[in-house]
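There are 4 protein chains.
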Amino acid sequence: MNFDIIRTGRAVLHVTDLDKSRAFYDALGFIETESDEENIFFRGLEEHNHHSLWLKKKPEAAVEIISYKVRSEEDLEKLESFFTKQGSEVKWLEKGSQKALGKSLRVQDLSGLPVEFYAEMETVDRMLQRYDLYKGAKVQRIDHFNCMVPDVEKAYNYYIDELGFACSEYTAGEEEKIWAAWLHRKPSVHDVAFMNGPGPRLHHVGFWLNDPMSLINGCDVLASMGYAPNIERGPGRHGLSNAFFLYLRDPDGHRIELYNGDYLTSDPDFKPVRWDLDDPMRQTFWGHEAPDSWFDEASEVLDVHTGKKIDLKEPTLKKRKPTFVI
Amino acid sequence: MNFDIIRTGRAVLHVTDLDKSRAFYDALGFIETESDEENIFFRGLEEHNHHSLWLKKKPEAAVEIISYKVRSEEDLEKLESFFTKQGSEVKWLEKGSQKALGKSLRVQDLSGLPVEFYAEMETVDRMLQRYDLYKGAKVQRIDHFNCMVPDVEKAYNYYIDELGFACSEYTAGEEEKIWAAWLHRKPSVHDVAFMNGPGPRLHHVGFWLNDPMSLINGCDVLASMGYAPNIERGPGRHGLSNAFFLYLRDPDGHRIELYNGDYLTSDPDFKPVRWDLDDPMRQTFWGHEAPDSWFDEASEVLDVHTGKKIDLKEPTLKKRKPTFVI
Amino acid sequence: MNFDIIRTGRAVLHVTDLDKSRAFYDALGFIETESDEENIFFRGLEEHNHHSLWLKKKPEAAVEIISYKVRSEEDLEKLESFFTKQGSEVKWLEKGSQKALGKSLRVQDLSGLPVEFYAEMETVDRMLQRYDLYKGAKVQRIDHFNCMVPDVEKAYNYYIDELGFACSEYTAGEEEKIWAAWLHRKPSVHDVAFMNGPGPRLHHVGFWLNDPMSLINGCDVLASMGYAPNIERGPGRHGLSNAFFLYLRDPDGHRIELYNGDYLTSDPDFKPVRWDLDDPMRQTFWGHEAPDSWFDEASEVLDVHTGKKIDLKEPTLKKRKPTFVI
Amino acid sequence: MNFDIIRTGRAVLHVTDLDKSRAFYDALGFIETESDEENIFFRGLEEHNHHSLWLKKKPEAAVEIISYKVRSEEDLEKLESFFTKQGSEVKWLEKGSQKALGKSLRVQDLSGLPVEFYAEMETVDRMLQRYDLYKGAKVQRIDHFNCMVPDVEKAYNYYIDELGFACSEYTAGEEEKIWAAWLHRKPSVHDVAFMNGPGPRLHHVGFWLNDPMSLINGCDVLASMGYAPNIERGPGRHGLSNAFFLYLRDPDGHRIELYNGDYLTSDPDFKPVRWDLDDPMRQTFWGHEAPDSWFDEASEVLDVHTGKKIDLKEPTLKKRKPTFVI
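Residue numbers (this note's numbering), protein chains in the order written: chain R, 1 to 326; chain W, 1 to 326; chain E, 1 to 326; chain D, 1 to 326.
Think of the hints as simulated: they come from the structure by calculation, not from any bench.
Some hints here could point you the wrong way.
Remember, identical chains collapse to one label, so a pair may be satisfied in a single copy or spanning two.
What the hints assert, rightly or not - DSS-like cross-link-like pairs, simulated, lysine-lysine; straight-line CA separation at most 25 Å: (1) Lys85 <-> Lys99; (2) Lys99 <-> Lys271; (3) Lys271 <-> Lys91; (4) Lys95 <-> Lys154; (5) Lys20 <-> Lys154; (6) Lys103 <-> Lys154; (7) Lys313 <-> Lys99; (8) Lys271 <-> Lys103; (9) Lys20 <-> Lys57; (10) Lys318 <-> Lys103; (11) Lys103 <-> Lys20; (12) Lys271 <-> Lys95; (13) Lys313 <-> Lys91; (14) Lys103 <-> Lys85; (15) Lys99 <-> Lys154; (16) Lys318 <-> Lys78; (17) Lys103 <-> Lys313; (18) Lys308 <-> Lys135; (19) Lys135 <-> Lys318.
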């Protein structure tokens, strides 16, 4: 490939009640860059870009798009050529058509996920050292997308061979087929992960925290505000990725991961970590089981051309809820 | 009462395999004061007393005794008079008959729990500032006993009216009867708690940690050493007591709580916190459910005179596993 | 003695600008119970009493009183008898004459410190589990007073022999005379400490934090709000007391210590820790030197009868700024 | 440029007493990969490469080389061409001539720093999830070099324009000249920083910690082992870079920074943060002054061809110890 995808950039989620959503994400410690009656733009404390989470008021909850930042507009042109050659129909959104964003390219990826690429977003003041504004879980920045797709191995090969991602860790399922994989462009554990399941769906958006105590503090603050039922899983340690994690469900059921503790994956000769079925380390490191909802539920995604929900396909691998927990 | 019980002092537990037990408690960060082929004496990092946990090798796991430190030997005499008047048969153990301990008084309390009082224990060097020896969860000191008894209200009245404990928090069950209660002599949340259930049994021994990160570190260390299956519940925040907690099962199934985060209860006019059935704060603060094992399983206790296991009685209140979690 | 002093209760400080003081203490995370144009009443997050810090607007900064809570009003009568016998003139303040406080007894102690005893203070809601209100350094509760006095050994003997305090740790100076001492009623390291220097003066009021990260967070928040110049010393670890500490100067120069990490001192047979001149552990544990201001500056105190400043006396021991740091 | 430098790779330091050095770095939590009578190879807990710190026993302390990892051997050839064109004499070390390392290219950079590039290093097991081996400050990985050079602006231009580094933050000195600059290849705050001073010298090697409590724990462990005198500065927060830092001096005086808390710098349009002379945030965020030694002392470096020490040059900018602290 001759284009350069930099990192996970932002998610655009449809929500049904902006006030409820604002209260929830505000409690988590997001900074509201701006909003109107139909939209809220949130960013993390260290982010110098206008937003990493755009909530749009709609009649039904769904994922409009997950977006990656690329190096330059030239990369967008190259991506258009690439997708067109592949037979995928792309959609251009001109600068100005989306708040704070330059020109962008949207496409349904091979798994059916609505994916967008952009090079430019308006910058704003970082709040990194405005510790007086830190609250809740003190969300620092967007980190990754986790997607449930029917054929993980196909997605894995495509993102690595065609889009230039590298694999940090993966889980082998039946007949050594890849059941789940963590892929990155920035040198962290992942910008995107794929896991086997009915899809395409967005399982969660991961946000980075600066330290483990922010996650504990986040639990306390959420609980004191009545959000204990929104805590779905954790806090715990992932064996895979080594993340100290917490999974939350927002008022529309979109899943948010608070995340701290991965490692540097900059080296071209880094060997992906394989997790074997019989390795007890593969389970949640501390031995807790995830609730069924964590395996069964995910956010449905929209068609970038029609705006309608994409039909789910059954997964290639049979095991939907492994004995191990990702 | 005219005697002065100072605090929770030590537990004497029967275990079936000293090597397995040593490996587990050592991983948690306990300091081994001394040991022989039949006994291990452990203490926490700040403890200046010889031990707070005495493990005895026996064919069957059980609780031999839970011990409280009193102000002076004179208090032991007064306690003897008190128990004798109550019609309870006491048992004296002379100085020298137990390692490192002065004269002690043992008795089966009104719930059938084997309880001991002592004034004197040999002192040893504190390891408080030997940070180079800190490891695992960095256990600082013994904090409390939690006991499952058939009639909590009776135990509650007895410990408060007769033994001079004060109540910090309690849970009201059917017909405003006390379902569980947290009682203290030292000005923390508790030295002993009672909860409704088949008993008398020892539910857990609580040990104090200095900060929340020690608990998280403890989880990681335990898991890396293969003890993930020993993590029964947590980490989480108790609504009741505000503790940041972790429950572990030792190799014989004895339950240990790692505990951080209570508050000062020194004031005579401190009003016990009542937890109402419909108060959502009463549940585990972050909303997790405890596993059934946490409600069903506890360590059986021995008769101080015969050394045989005490028969269990059914609890007075019907609810054994409330919708709330203690 | 036949009276029972429970613990350090509150400080009443004179400040010159209530707005500046409010901004500072609010940034630290204190809860403002109430205020008017002349007064602000602050408490920590876990405190169920009306206040532990009372700021009064006055033309000049000073310490009006440091107050201890006693068990009952009866104890106040006994303290009156005691002080009167000693030849000290006491002053009664009737219930209602001080906001939220019951009857109180004031006296100049043998070092000249203005000391008050009270049994009753109005209770208010604890904010312990209102984590949504936690901010800054998340101050939990008042912990201790540290006083600079001309004759530490005299104060030491008096507080132990006459008032029933116990010593946790002390520093021996010239000719084995006590240069500084940490004394407690509640079973922590101290309710009051005395150090050698021109006095009587209040060196600082110590407030308890729940964990070390709250202290780090507090530094960041203070700095982001422009209070970096108010950070006088730390963060660091005291060898003596093992406290993880931070010293701040409020807008009038009153010194506040944020404090985490002491240990349980409940046992009657706890042997006070002696710090020897040549023991390197006696210094700040991590090896930092305290600034001169920390040794030289302290808050002047008022006469309980005249309301005028008490004259300073030169200390008995020559060393005012030891090579070690307390 | 057509070569791809990945990241800071390792430092090779000459030390005079291997046993003393081993004890120090072991206390910090480094993993010793292997050693013999002349060498110790250390790595951090998450590092999958053989070492990031190579200590060689020599009569005199010095910096032999600071090394960067490049993408492939091809990049080494391109770097050779580049340096040769620039008139710099390079030195090849063939695979096998250095323990665990593939072919490498050494050169004196324009400031006189001994710099090395390599593509290949033997891999070893990561200890990331061997939490039972974590100790001291739990050092995770090498992060950056900080170098004192006589002409920062020249170095800055060269590393950015010729070697492909990007600037995250910088400090402007006299006449808007760059007094110090933080440059990165991996998307963190820096792989290398340059500051104005007599040079070329290595000011410190920075190692990454996973969380702030590891730094606090590290202070306690070091102090308990007698290393308090080795703590030169901190803990504190840098305004510049936002790092939570601790500076240590090893037994030969080499300076080590323990470091946590920077931010993601992946974006091509990230605007370097400029620190102005009159901005109080530029100072150490919490307001502490650095000791003189921190500005005056640094490790001398060797000539890659002769092995002799490089003569120091006086800095271009006059201010050696600014009122601000980096």
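Here's how the hints hold up against the structure:
no., hint, result
1, Lys85 <-> Lys99, "neither (30 Å within a copy, 48 Å between copies)"
2, Lys99 <-> Lys271, "between (40 Å within a copy, 21 Å between copies)"
3, Lys271 <-> Lys91, "neither (36 Å within a copy, 30 Å between copies)"
4, Lys95 <-> Lys154, "neither (33 Å within a copy, 38 Å between copies)"
5, Lys20 <-> Lys154, "neither (38 Å within a copy, 47 Å between copies)"
6, Lys103 <-> Lys154, "neither (29 Å within a copy, 37 Å between copies)"
7, Lys313 <-> Lys99, "neither (33 Å within a copy, 52 Å between copies)"
8, Lys271 <-> Lys103, "between (36 Å within a copy, 20 Å between copies)"
9, Lys20 <-> Lys57, "within (11 Å within a copy, 43 Å between copies)"
10, Lys318 <-> Lys103, "neither (40 Å within a copy, 47 Å between copies)"
11, Lys103 <-> Lys20, "neither (31 Å within a copy, 49 Å between copies)"
12, Lys271 <-> Lys95, "between (40 Å within a copy, 21 Å between copies)"
13, Lys313 <-> Lys91, "within (24 Å within a copy, 58 Å between copies)"
14, Lys103 <-> Lys85, "within (21 Å within a copy, 41 Å between copies)"
15, Lys99 <-> Lys154, "neither (34 Å within a copy, 40 Å between copies)"
16, Lys318 <-> Lys78, "neither (37 Å within a copy, 49 Å between copies)"
17, Lys103 <-> Lys313, "neither (31 Å within a copy, 50 Å between copies)"
18, Lys308 <-> Lys135, "neither (37 Å within a copy, 44 Å between copies)"
19, Lys135 <-> Lys318, "neither (42 Å within a copy, 42 Å between copies)"
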